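*Asks:* Chain residues, written in single-letter form:
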Amino acid sequence: MMHDLLSKICNGHGTARDVEMLEELSIYVKEASLCGLGMSAPNPLMSTLRYFKNEYIEQLKKSDAIKGGVHG
Amino acid sequence: MAKIPINIDGTALEVEQGQTILEICQANGIEILTMCHMKGLGDVGACRLCLVEIEGINKLLPACTTKVAANQVIKTKTEKIKKYQKITTELLFAVCVSNGKCELQDLGYKVGMTHVRFPYLFPQCEVDTSHPWYVMDHNRCITCTRCVRVCSQVEGSYNWGVKNRGVSSRIISDFNTPWGESTTCTACSKCVHSCPTGAIWPKAIVQGQLTKSPQMIADLVERRKMNL
Ligand code: FES
Chain A
15 MMHDLLSKIC NGHGTARDVE MLEELSIYVK EASLCGLGMS APNPLMSTLR
65 YFKNEYIEQL KKSDAIKGGV HG
Chain B
59 MAKIPINIDG TALEVEQGQT ILEICQANGI EILTMCHMKG LGDVGACRLC
109 LVEIEGINKL LPACTTKVAA NQVIKTKTEK IKKYQKITTE LLFAVCVSNG
159 KCELQDLGYK VGMTHVRFPY LFPQCEVDTS HPWYVMDHNR CITCTRCVRV
209 CSQVEGSYNW GVKNRGVSSR IISDFNTPWG ESTTCTACSK CVHSCPTGAI
259 WPKAIVQGQL TKSPQMIADL VERRKMNL
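For the protein sequence lines, the chains are A and B, in the order given. Position 10 of the first sequence, counting from 1, maps to 24 under the numbering used here, and the rest follow consecutively. Position 165 of the second sequence, counting from 1, maps to 223 under the numbering used here, and the rest follow consecutively.
Just chain A, with the same shape it has in the complex (with noise of 0.2 Å):
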């Protein structure tokens, strides 16, 4: 679901919703995992939001602008 969710985002589809809720459940997988490894398996992806938040943001108004040029 994480996977699909980032996929999106990568692929121009995203938008800042799926960013939301990519760290909201890779907050929650981490903290309410049963077992060592969902413990620490969204941790290189809370890297990435953590230090390249912007790199987030340019392929979010990327995303804004493919769509734009679809739609309007």
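It cannot be assumed that every hint is accurate.
Stated by the list, open to error - Among the chain A residues that face chain B by a calculated CB cut under 8 Å, a handful are: (1) M15; (2) D18; (3) M35; (4) Y42; (5) E45; (6) A46; (7) L48.
Claimed, not checked - Far from chain A, by Cβ distances over 10 Å, these chain B residues were calculated: (8) L109; (9) P120; (10) G170; (11) P190; (12) S271.
To be verified - In silico lysine-lysine, DSBU-like type, Cα no more than 35 Å apart, as pairs: (13) B:K221 to A:K22; (14) B:K141 to A:K44; (15) A:K44 to B:K97; (16) B:K141 to A:K75; (17) A:K44 to B:K125; (18) A:K22 to B:K117; (19) A:K76 to B:K144; (20) B:K221 to B:K97.
Since the hints were derived computationally from the structure, they do not count as laboratory data. A quick note: this is a predicted structure, and the numbers were derived from the prediction, not measured. Here a beta-carbon is modelled for each residue, glycine too, at the ideal position from N, C-alpha and C.
Since chain A is already given, all that's left is putting chain B with the ligand on it; use the hints.
*Replies:* Positioned in the frame of chain A, the structure of chain B with the ligand alone reads:
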């Protein structure tokens, strides 16, 4: 047994050692949401609905499998817990397409769910109709493993098991063979009553008319203890 002091949601309690947090909460009228827990069966901590916050421990622990320790300060209703309960329920819905009356639906109302924000997975699962009396619809299964535990721990026939991991986990009959061909199933119907959704149901009944008595399993376990 020795009594130990603990604190749940701001109430100081004196409780017996060796109990789980869930047992204590239920005995003291503190509501904890559960799904994979079933009275009379051993707990596995699979659904993560009963998570509670404990002061001094930096992760959330499931109330059903965590034993109390002296001087614990437990919080069961923080904003974080409520938020997580909602996500957990939504994620369960994302794999379950049951629309009959089910414990999962009740849970949805309880956590104040209005819709599922996550994309439905719609796994194309098999429906096993090979058993003469019952049907197993894997599309509605949330793999809480209540049927697996009731089959081994209460009926003692070990028909149900689990294969694979994560989203590809599936409940299997015997060695992943059709339920109807099972050499271990006694057709006792305990799994039907333990199923929280509409995944296991008797053929003779129309979905929605089925009344289950999950309490029966806990009663049975209690009565057996008395006979010993
Ligand atoms: S009821 Fe405790 S984890 Fe499911």
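*Asks:* Hint by hint, which ones does the structure fall short of?
*Replies:* 8, 9
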